[in-house]
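Top to bottom, those sequences are chains Z and D.
All letters in the first sequence, in the order written, are residues 5 to 305 by the working numbering.
All letters in the second sequence, in the order written, are residues 294 to 463 by the working numbering.
The hints are simulated quantities; they were obtained by calculation from the structure and are not laboratory data.
A virtual CB, placed ideally from N, CA and C, is assigned to each residue, including glycine.
Accuracy of the hints is not assured; some may be wrong.
A few chain D residues facing chain Z, derived, Cβ under 8 angstroms [what the hints assert, rightly or not]:
hint, residue
1, Gly333
2, Gly337
3, Gly424
Some chain Z residues well away from chain D (every beta-carbon gap over 12 angstroms; in silico) [to be verified]:
hint, residue
4, Arg15
5, Ser18
6, Glu31
7, Gly33
8, Leu43
9, Cys128
10, Glu141
11, Arg148
12, Arg182
13, Gly211
14, Ala212
15, Ala286
Below, simulated EDC-like cross-link-like pairs (lysine to aspartate or glutamate); rule was C-alpha separation at most 16 angstroms, straight line [stated by the list, open to error]:
hint, chain 1, residue 1, chain 2, residue 2
16, D, Lys296, Z, Glu86
17, D, Lys349, Z, Glu10
18, D, Lys295, Z, Glu12
19, D, Lys295, Z, Glu10
20, Z, Lys238, Z, Asp208
21, D, Lys437, D, Glu415
22, Z, Lys191, D, Glu420
23, Z, Lys191, D, Asp338
24, D, Lys296, Z, Glu89
25, D, Lys349, Z, Glu12
26, D, Lys444, D, Glu415
27, Z, Lys20, Z, Asp59
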Amino acid sequence: MSIACEFEYVRPASLKDALRLLARPPEGGAMPLAGGSDLIAWLRDGAVQPGLVVDIKQLPELRGIRVSGGGLWMGAAVPFSELMESPAVQKHAPVLVEAAGVLASVGIRNRATPAGNICSAVPCCDSGPVLLVYEAEIHVATLRGTKVIPAANWFLAPRRTALPPGGLVTGIRIPVARHAGAFAKLKRYRGEDLAQASVAVRVDAKGAWRVAFGSVAPTPIRGRKTEKILAGHKQPEGAVLEQAATAAEAEVAPITDIRSSEHYRRLMVGVMLRRSILLASARLVGKGAAYGINIIEEDAP
Amino acid sequence: MKKEIFFQLNGEPRRVDVAPHETLLDVLRGKMGVHSPKEGCGRGDCGACTVLLDGKAVRGCLVLAMEVEGQAVTTLEGLGRDGPRALQEAFVEGNVFQCGFCAPGVVLAASALLAAHPDPTERQIREALAGNLCRCTGYEPIVKTILAVAKKKKGRKAKPSSAPSRRTAS
Ligand code: FES
Ligand code: FES
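In isolation and in its complexed conformation, chain Z is listed as follows (with noise of 0.2 angstroms):
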């Protein structure tokens, strides 16, 4: 079935075309267009109706990764596959290339962005737990400037974000520092699959221990009740591990759906948190598997 809606197509030369576009939309409404994996089977659903769409993805302002001042920066339109092969994003932001890597399939992540899945926002969309134990920030550019919006107030409901009226997200920064951390993602079967629940940790040489989840609440949660239970702990173990797989069963609202019940997302929580810790944790110290795994399916511990 093909997209049965009408809508224009433009490729804007510059940022500032591009927000002028959509900054004026026609009836119907403007929407960017980056990787296109969710826009375009949106459109064929006939979910969203809009009377234009910009391509984004050449704009110059919307490519690159850097690493300056204290930050790694990725640029809007970097697709999930060019960032698991760039070394800087390797070194500083390894969640992210955990979580890319069972990230639907490779003909999507050589297309769809990080960018556009905290857009969709969906409530198992997988970059948003990473960027949130990152404390990432998001940069969105206006017709009136620009503006940083942090991870955690970015995701308001399912589908809804702090993106304003008109605005375009040109990249995320995420602030460099030593640490490590692990992502684990629940499927259905091997292969590609959207999750029935995921988990990021992040834990730096104190034993600070940032956690978050997708897929069992209206968003992306950080587990602040979960993170004071780990706090100094940097190889947890035994009585902490078990108080803090339970705060995280605790702390979660997940739903009964099409891919689990409530009861098994919250369980399942619990499983993946232990396993997320420590491996972490050996990471932490030079050991444990390297980044890139599987948790749920290969050897981790």
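Fit chain D with the ligands to the given chain Z structure using the hints.
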């Protein structure tokens, strides 16, 4: 509004009139006579519509035709132009596919993998093909064939020492 776009299709410059809502898959199949990419799911899940865009495997059903302006599109028709490649031959020899609906996508995804990683591990192969669903084969023969082709190529490359000996023998 319709617009004429220009791109390389299997190495040849081509022009075609397209509407904004037409996908690359629609245009290849409906307007350009290229039928190897298939529409399975139409929403990015099955990989039957796989084509190479500037050498990278993408889903033809999730790309608007207008997006490929100025780029190079390769389909299975383009791969086989100079006779079937080693990979294609091996698939035929092993009678690997059954209904064949997934085959064009699998061959393209595998070629992109081998171009980037001439000597892939089994895990890399499974990862590269994870988005190409096959309802017939159970995947094992596909993965084994790709592994065998890569090994054979590697063997051939690592054989310069055996070449002279063959010459002396003849
Ligand atoms: S038809 Fe494109 S992925 Fe299934
Ligand atoms: S051979 Fe039938 S789907 Fe793969």
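Evaluated hints:
With a least beta-carbon distance of about 12 angstroms to chain Z, the hint placing D/Gly333 at the interface is violated under the 8 angstroms criterion. A distance limit of 8 angstroms between C-beta atoms decides the matter here; for D/Gly337 the minimum to chain Z is near 6 angstroms, and the interface restraint holds. Evaluation of the D/Gly424 hint against chain Z yields a held restraint, the C-beta minimum of about 2 angstroms falling below 8 angstroms. Listed as outside the interface, Z/Arg15 is inconsistent with that label: its C-beta sits roughly 7 angstroms from the nearest C-beta of chain D, within the 12 angstroms cut-off.
At roughly 17 angstroms, the least C-beta separation between Z/Ser18 and chain D is larger than 12 angstroms, which holds for a residue marked as non-interface. The beta carbon of Z/Glu31 is kept farther than 12 angstroms from every beta carbon of chain D, the shortest such distance being approximately 15 angstroms. Distance to chain D confirms Z/Gly33 as a non-interface residue, since its nearest Cβ pair spans about 15 angstroms, more than 12 angstroms. Z/Leu43, annotated as away from the interface, has a beta carbon of chain D within 12 angstroms; the closest lies near 9 angstroms.
Every C-beta of chain D lies more than 12 angstroms from that of Z/Cys128, the closest at about 14 angstroms, which supports listing it as non-interface. The Cβ of Z/Glu141 lies farther than 12 angstroms from every Cβ of chain D, with a closest approach of about 29 angstroms, so its non-interface assignment holds. Remark: the non-interface label on Z/Arg148 is consistent with the geometry, its nearest Cβ contact in chain D lying 29 angstroms away (cut-off 12 angstroms). At roughly 29 angstroms, the least C-beta separation between Z/Arg182 and chain D is larger than 12 angstroms, which holds for a residue marked as non-interface.
Distance check on Z/Gly211: its Cβ is at least 33 angstroms (rounded) from any Cβ of chain D, clearing the 12 angstroms threshold; non-interface status holds. Once the 12 angstroms rule is applied to beta carbons, Z/Ala212 is consistent with being away from chain D; the minimum gap is 33 angstroms. Against chain D, the non-interface label of Z/Ala286 holds: every CB pair exceeds 12 angstroms, the least being about 21 angstroms. Restraint check: the Cα-Cα separation between D/Lys296 and Z/Glu86 comes to about 30 angstroms, which exceeds 16 angstroms; the hinted pair is violated.
Taken as a hint, the D/Lys349 and Z/Glu10 pair is broken in the structure, with Cα atoms around 29 angstroms apart against an allowance of 16 angstroms. A distance of roughly 9 angstroms separates the Cα atoms of D/Lys295 and Z/Glu12; the hinted pair therefore holds under the 16 angstroms criterion. Restraint check for D/Lys295 and Z/Glu10: satisfied, since their Cα atoms lie roughly 11 angstroms apart, inside the 16 angstroms limit. Using a Cα cut-off of 16 angstroms, the hinted pair Z/Lys238 and Z/Asp208 holds, with the two alpha carbons roughly 8 angstroms apart.
Using a Cα cut-off of 16 angstroms, the hinted pair D/Lys437 and D/Glu415 holds, with the two alpha carbons roughly 8 angstroms apart. Distance restraint check for Z/Lys191 and D/Glu420: the Cα-Cα separation of roughly 15 angstroms lies within the 16 angstroms cut-off, and the hinted pair is therefore satisfied. Among the hinted pairs, Z/Lys191 with D/Asp338 is consistent with the structure: their alpha-carbon atoms are about 14 angstroms apart, no more than 16 angstroms. A hinted pair counts as satisfied when its Cα atoms are at most 16 angstroms apart, and D/Lys296 with Z/Glu89 does not qualify at roughly 35 angstroms.
Between D/Lys349 and Z/Glu12 the CA atoms are separated by roughly 27 angstroms; this puts the pair beyond 16 angstroms, and the hint is violated. About 11 angstroms separates the Cα atoms of D/Lys444 and D/Glu415, which keeps this hinted pair within 16 angstroms; it holds. At most 16 angstroms may separate the alpha-carbon atoms for a hinted pair to count; Z/Lys20 and Z/Asp59 meet this at roughly 13 angstroms.
In this structure, the earlier hints numbered 1, 4, 8, 16, 17, 24, 25 are contradicted, and the remaining ones agree with it.
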